[in-house]
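Asker: Let the sequences and hints guide you as you build the complete structure.
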Amino acid sequence: MTSELPLPIQTAWLIPLYGFAGMLVSLPWACGAFRRDAHRPAAYLNILLTLVAFAHGSLILQQVIQFGPADLSFPWLNVADLELNISFSLSLTNLVALELITGLSLLSQVYSLGYMDKEWALARFFALLGFFEGAMSGVVLSDSLFQSYFLLEMLTLSTYLLVGFWYAQPLVVTAARDAFLTKRVGDVLLLMGVVALCAYSGVMGFNDLYAWAAQDSLSPLAATLLSLGLIAGPTGKCAQFPMHLWLDEAMEGPNPASILRNSVVVTCGAIVLLKVMPILQLSPIAIGVMLVIGSISAIGGSLVALAQVDIKRTLSYSTTAQLGLVFIAIALQIPVLALLLLFTHAVSKALLSMSIGGVIASTNCQDITELGGLGSRMPATTTAFLVGGAGLVGFLPLGGFLALAQSIELLSVRSVPYMAIFLLTNALTALGLVRVFRHVFMGSSLIKSRRAAEVNWQMALPMVALSVIVLITPLMLLRLESLEGLLAFPLWAAALVVSSGLVGLVVGALLPLSKAWSRSLNPLLRWWQDLLAYDFYTERFYRLTIVNVVASFSRLAYWFDRKVVDGLLNGVARFSLSSADSLKLSVSGQSQSYVLTVLVAIVLFLTSVSWFLT
Amino acid sequence: MLLSLLLLIPLLGALGLVLWPGAPSSERLREISIVVLAVQTVASFALLLPFDAADSALQLVEQARWVHVIGLDYALAVDGLSLPLVLMNGVLCLVAAIASRKIENRPRIYFALLLVISAAVNGAFLAQNLLLFFLFYELELIPLWMLIAIWGGANRSYAATKFLIVTAVSGVLILAAFLGLAFVTGSIDFSLRPVLAGEMGMTAQFVLMGALLIGFGIKIPLFPFHTWLPDAHTEASTPVSVLLAGVLLKLGTYGLLRFCMGLFPDAWQLASPWLAAWAAISVLYGSLAAIAQTDMKRMVAYSSVGHMGYVLLAAAAATPLGLMGALFQMVSHALISGVLFLMVGVVYVRTGTRDLNVLRGLLNPQRGLPLTGSLMIVGVMASAGLPGMAGFISEFLIFRGTLQPFPIATLLSMVGSGLTAVYFLLLVNRAFFGRLAIAPGEVVNPRILDRVALREQVPAIALSLGVLVLGLAPWLLSDLSEAATTGLSLINGDLS
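Residue numbers (our numbering), protein chains in the order written: chain A, 26 to 639; chain B, 305 to 800.
FYI, nobody ran anything at the bench for these hints, they're computed from the structure. Just so it is clear, CB atoms sit at the ideal spot from N, CA and C, and this is done for glycine as well. Wrong hints could be hidden among the right ones.
[Said to hold, decoys possible] Some residues of chain A that are not near chain B, with every Cβ distance over 10 Å (derived):
# : residue
1 : 33
2 : 98
3 : 206
4 : 334
5 : 386
6 : 518
7 : 530
[As the list claims (entries may be wrong)] Listed next, the stretches of chain A that the computed footprint assigns to chain B, with coverage defined by at least 3 CB atoms under 8 Å from CB atoms of chain B:
#  : region
8  : 209-220
9  : 373-379
10 : 455-469
11 : 579-587
12 : 621-628
Answerer: In structure tokens, the structure reads:
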């Protein structure tokens with residue numbers, strides 16, 4: 026059916042398989058079939074396969090730009106009234122997202138060669154990265170809700186395994202557990218939505234679903250529940266309030282995986298949300314919920330980031346905040362804006378993650394209050410942080426600026442309060458980045474940063490490459506979008522964005538950073554600091570609510586099982602044994618009496634049965 | 305003739321084992337039984353050749369008059385429902401035999417009993433006469449009781465007695481229902497004909513179906529008839545647990561579909577909302593009780609209670625898709641619980657405990673059990689319904705098939721599926737993640753666990769591959785059985 030399509034497009038289904046193949050080819054090394062300290066071939070094979078995936082994606086992108094989008098579909102499972110297909114939508118948006126994923130995956134795999142230099146389980150790590158990449162590539166290309174769900178869950182599994190990579194450490198154990206369970210809560214709700222949609226509409230392809238949703242035959246209640254289910258999955262994936270804690274804890278995993286998690290994994294969640302957006306329009310309540318989630322995550326996330334002392338956590342909360350903005354954009358039905366924000370955030374945040382990974386690798390320290398003066402010692406890392414930060418907060422010609430200026434322009438006609446949220450988030454993000462920068466790269470060297478050296482070339486190369494990409498992001502965007510479209514914002518919007526960034530910059534620069542300030546003696550200030558540092562006590566909230574409920578019910582069920590159900594059974598058994606004991610005393614040995622007993626019993630049984638049955 | 309072979313091969317094998325001259329070693333007896341079961345498995349896969357998947361009717365029918373006076377005739381046949389279960393029985397009995405290492409206590413009887421169980425289960429899945437089914441159903445009971453009572457753990461006599469009494473009650477109820485059927489219809493022809501119940505009064509249908517429901521509900525097991533299962537599993541040895549969870553519980557679900565639903569369709573449909581509620585309770589109860597367990601084996605046992613509840617849910621809805629899901633769940637649960645019990649067994653043999661409060665860090669690559677841990681992760685993820693593995697397909701098919709008739713019960717069951725992730729993640733996190741525990745008394749030198757040879761893990765690896773293959777290529781099973789499950793369904797087509 027697809028014979029007229031060019032070969033790269035016909036074989037597009039291979040793209041997710043490259044990543045999965047990477048996992049398979051790493052298995053012999055990961056299982057110890059070769060010498061334990063010779064895992065490099067597995068890494069090289071994975072990098073090669075990712076390169077192939079990237080190249081293949083580029084070819085398709087070129088074809089699609091030239092000839093327009095294409096769709097591929099293969100039947101998968103056909104039972105009764107259920108028809109499931111494997112389908113790919115090769116649209117421009119999906120392919121750009123694919124290139125983003127494979128590109129960043131390639132860079133972070135090269136980066137891993139340096140960062141995980143002394144790791145004994147390198148092959149396992151690369152196998153998991155391959156799995157991760159394959160699942161993500163599949164999600165963005167997917168043209169069916171079922172397939173998206175399928176791959177999102179695989180992403181959940183691979184996140185669990187990647188976060189739990191250093192499984193011997195106690196914090197990693199809880200982090201991996203929370204990452205899995207939080208996402209799983211979202212996924213189960215999403216599964217409810219998927220199953221319900223599948224049952225009521227009978228189709229799973231996105232375009233069929235849109236057509237079905239347009240007819241709008243559902244009751245408002247059903248539509249709302251359905252939409253809430255569909256939102257829940259991406260809320261967990263994008264680390265949005267109240268399912269955001271896992272991203273922060275997941276920072277216990279290896280940094281190269283954090284690069285991907287903070288940039289493209291969250292993007293995958295948002296892209297699935299974008300794809301179901303037309304269905305969500307069935308329910309105004311669901312849209313409202315999304316706006317609330319996005320707003321809380323944007324403001325709350327950027328505030329919490331300000332109070333963190335762990336360098337990786339400052340970043341993960343800012344990811345939550347930025348994705349909050351994306352949620353708002355999706356809820357307000359501005360897909361262009363959501364994509365713009367996602368793209369610029371992904372490249373900048375990946376660069377920032379690489380930079381702080383360099384800091385961690387070189388100092389073995391994640392506490393920003395113990396670092397300082399790295400600026401002169403690690404020029405490449407410092408530059409990467411600056412470029413990444415500039416790209417994120419709307420520094421004048423960079424990608425973040427274009428995205429934010431667009432947002433302000435588009436929001437000013439729709440909703441001014443959300444415009445304010447965007448500006449506030451931007452200011453707070455800038456403030457947070459300046460704070461981290463001052464702590465880590467400026468000031469005098471502290472003990473842990475005194476002997477720090479610049480990172481090795483395997484880490485520096487991707488950092489420099491990605492810095493260049495962040496710098497030329499505006500040009501790349503211009504290739505995809507017409508100049509007028511991208512720059513169609515008034516001067517005042519640009520001024521607002523720049524000034525919000527400047528406010529953050531200035532406040533951050535003037536903020537006193539003494540150690541004494543890091544935990545104030547003033548009770549009120551300290552209350553606020555603790556509130557933010559402990560992430561609004563979300564963990565305690567989880568423990569008191571859902572964890573407590575499940576644990577109590579499970580204890581109750583088990584108590585009931587032992588005491589009531591089993592107790593009853595044992596009681597009956599004991600009664601019959603003791604009555605048998607007493608009966609054996611009445612045994613006479615006369616066979617007539619036994620026959621009589623049996624006969625009486627049979628007659629009684631049959632009479633009662635016939636009485637029952639007539 | 306092919307179907308009778310499936311009974312004859314293991315039975316003759318059992319006879320051969322008992323009569324084998326001299327004093328063969330346990331290892332030799334194991335090899336013989338592996339060969340016999342392998343031949344049986346190949347023979348059951350050979351059924352695929354003459355089998356016509358497009359035909360929903362009974363195929364390869366074999367009939368002979370036997371004790372015709374009381375209506376007991378020898379009648380075997382296969383359809384899309386029983387064929388996958390026969391294949392599953394072959395594979396799991398083979399796995400159980402392979403996993404039966406170092407049976408020093410009366411190995412001759414042990415392996416003979418294993419073969420008898422295999423034959424009896426095949427017979428039960430293939431029997432087309434109610435009394436014949438009952439005969440096979442009971443035939444599997446005593447060998448299993450002996451396997452627990454003789455080769456079980458410390459508290460085996462309690463567990464085995466409980467198993468025997470409870471499942472004997474199940475058998476009595478089933479027999480009573482079958483006899484009642486004859487009594488009410490006034491014919492002593494026990495051949496399985498779905499129309500049999502058509503002319504009966506509703507009360508009669510309900511009474512007889514109720515007896516069957518409780519009878520099979522004990523076997524499945526469903527709440528509140530399940531407490532024999534955790535005890536039996538905890539005391540049974542690993543291969544017996546694999547058989548019990550993988551094969552014998554399926555007799556209950558098979559009976560549910562074939563007899564409860566098949567013989568009393570009208571009563572079944574009237575009762576179905578209650579059955580769906582019962583299923584949801586069973587699912588949630590099993591999952592919640594599993595969370596509270598600290599013994600790995602008990603945890604897996606309670607998970608079976610939860611996961612078998614899905615089958616009742618699907619049967620209650622009786623939609624074509626739901627029934628396909630039920631069959632899928634029976635097969636995938638067999639494979640997955642096989643992996644889980646095998647891995648728990650390896651951990652128990654190596655560390656001497658299954659207590660989740662004691663075990664830590666077993667994934668440790670040098671001193672721990674890394675491959676066991678990896679396979680365990682595959683098993684628990686499959687059980688939690690992660691896509692790409694068989695458990696997901698069955699859950700999706702079931703939920704999709706039951707959502708429209710029973711939305712609330714389905715959503716509650718999905719919560720149960722979420723809870724599966726909770727307890728199994730706790731299991732993996734506690735036992736396999738973290739630092740390898742230092743054995744009490746050995747503070748300085750942490751205990752080094754015996755290495756597990758790769759060949760010991762071959763059965764579990766094979767089962768895991770099966771889980772993955774069915775998860776990625778579900779049509780392999782669905783194409784085989786679609787005609788049969790559709791034919792069995794009470795509700796045709798879409799409800800909407």
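Asker: The structure should be examined with respect to each hint, and the outcome stated for every one.
Answerer: Against the structure, the hints come out as follows:
1. For residue 33 of chain A, the non-interface assignment is confirmed: its Cβ lies about 25 Å from the closest Cβ of chain B, beyond the 10 Å cut-off.
2. The Cβ of residue 98 of chain A sits about 16 Å from the closest Cβ of chain B, beyond the 10 Å cut-off, so the non-interface label holds.
3. The beta carbon of residue 206 of chain A sits about 6 Å from the closest Cβ of chain B, which is not more than 10 Å, so the claim that it is off the interface is violated.
4. Under the 10 Å C-beta cut-off, the non-interface status given to residue 334 of chain A relative to chain B holds; the minimum distance is some 26 Å.
5. The claim that residue 386 of chain A is not at the interface with chain B holds, since no C-beta of that chain comes within 10 Å of its own (minimum 23 Å).
6. No Cβ of chain B comes within 10 Å of the Cβ of residue 518 of chain A; the nearest lies about 43 Å off, and the non-interface call holds.
7. No Cβ of chain B comes within 10 Å of the Cβ of residue 530 of chain A; the nearest lies about 43 Å off, and the non-interface call holds.
8. For the region 209-220 of chain A, the proposed coverage by chain B is satisfied: 6 residues have a C-beta within less than 8 Å of a C-beta in that chain, meeting the threshold of three.
9. Taking a C-beta to C-beta cut-off of 8 Å, the region 373-379 of chain A contributes 0 residues in contact with chain B, too few for the three needed, and the coverage statement is violated.
10. Coverage of the region 455-469 of chain A by chain B is violated. Counting CB-CB distances below 8 Å, 0 residues qualify, and the rule asks for three or more.
11. Interface restraint, the region 579-587 of chain A with chain B: holds (6 residues with C-beta to C-beta distance below 8 Å; minimum three).
12. Counting residues of the region 621-628 of chain A whose beta carbon lies closer than 8 Å to any beta carbon of chain B gives 0, which falls below the threshold of three, so the coverage claim is violated.
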